[in-house]
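Visitor: The whole structure should be built from the sequences, with the hints applied where relevant.
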Amino acid sequence: TTEVPESVNLSDIPTLDIATLTLGEMAALEAESGRDFARLITAGNATRKLVALWVHESRNSEKPRTWQELSALRAFAPKS
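The opening residue of the sequence shown carries number 6 in this note's numbering; numbering runs sequentially from there.
Treat the hints with care, since some could be wrong.
Stated by the list, open to error - Using 20 angstroms as the maximum straight-line C-alpha spacing, the simulated EDC-like pairs for lysine to aspartate or glutamate come out as follows:
#, residue 1, residue 2
1, 54, 30
2, 54, 37
3, 68, 30
4, 54, 41
5, 54, 17
6, 54, 11
7, 54, 74
8, 68, 35
9, 68, 11
10, 54, 22
11, 68, 37
12, 54, 35
It should be emphasised that the hints constitute simulated quantities derived from the structure, not laboratory data.
Guide: Have a look at this one:
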């Protein structure tokens, strides 16, 4: 069986204060996402939310999810 990725409530994603990012976080984000940091922060709203979620998890989780795991989260959970 294939496990369905969990969902995320868009309103629960913290706002990212870009001034708090370190160079190490920026480099790690580029390496994990495979994208240039400038493109990530100037992309659409969904990408910026993903960046904020990645930074939040990397700062606050014992075992943060990868960029790919966070990318697989459903933005809108199916109704049961």
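Visitor: All hints, please: hold or fail.
Guide: We went through each hint and held it up to the structure:
1. 54 x 30: holds, 16 angstroms
2. 54 x 37: holds, 16 angstroms
3. 68 x 30: holds, 16 angstroms
4. 54 x 41: holds, 16 angstroms
5. 54 x 17: Roughly 10 angstroms separates the two Cα atoms, so the pair holds.
6. 54 x 11: Status holds; Cα separation ~16 angstroms.
7. 54 x 74: holds, 14 angstroms
8. 68 x 35: holds, 19 angstroms
9. 68 x 11: holds, 16 angstroms
10. 54 x 22: Holds: residue 54 and residue 22 sit about 12 angstroms apart, inside 20 angstroms.
11. 68 x 37: holds, 15 angstroms
12. 54 x 35: holds, 15 angstroms
Violated hints for the displayed structure: none, as all numbered hints are satisfied.
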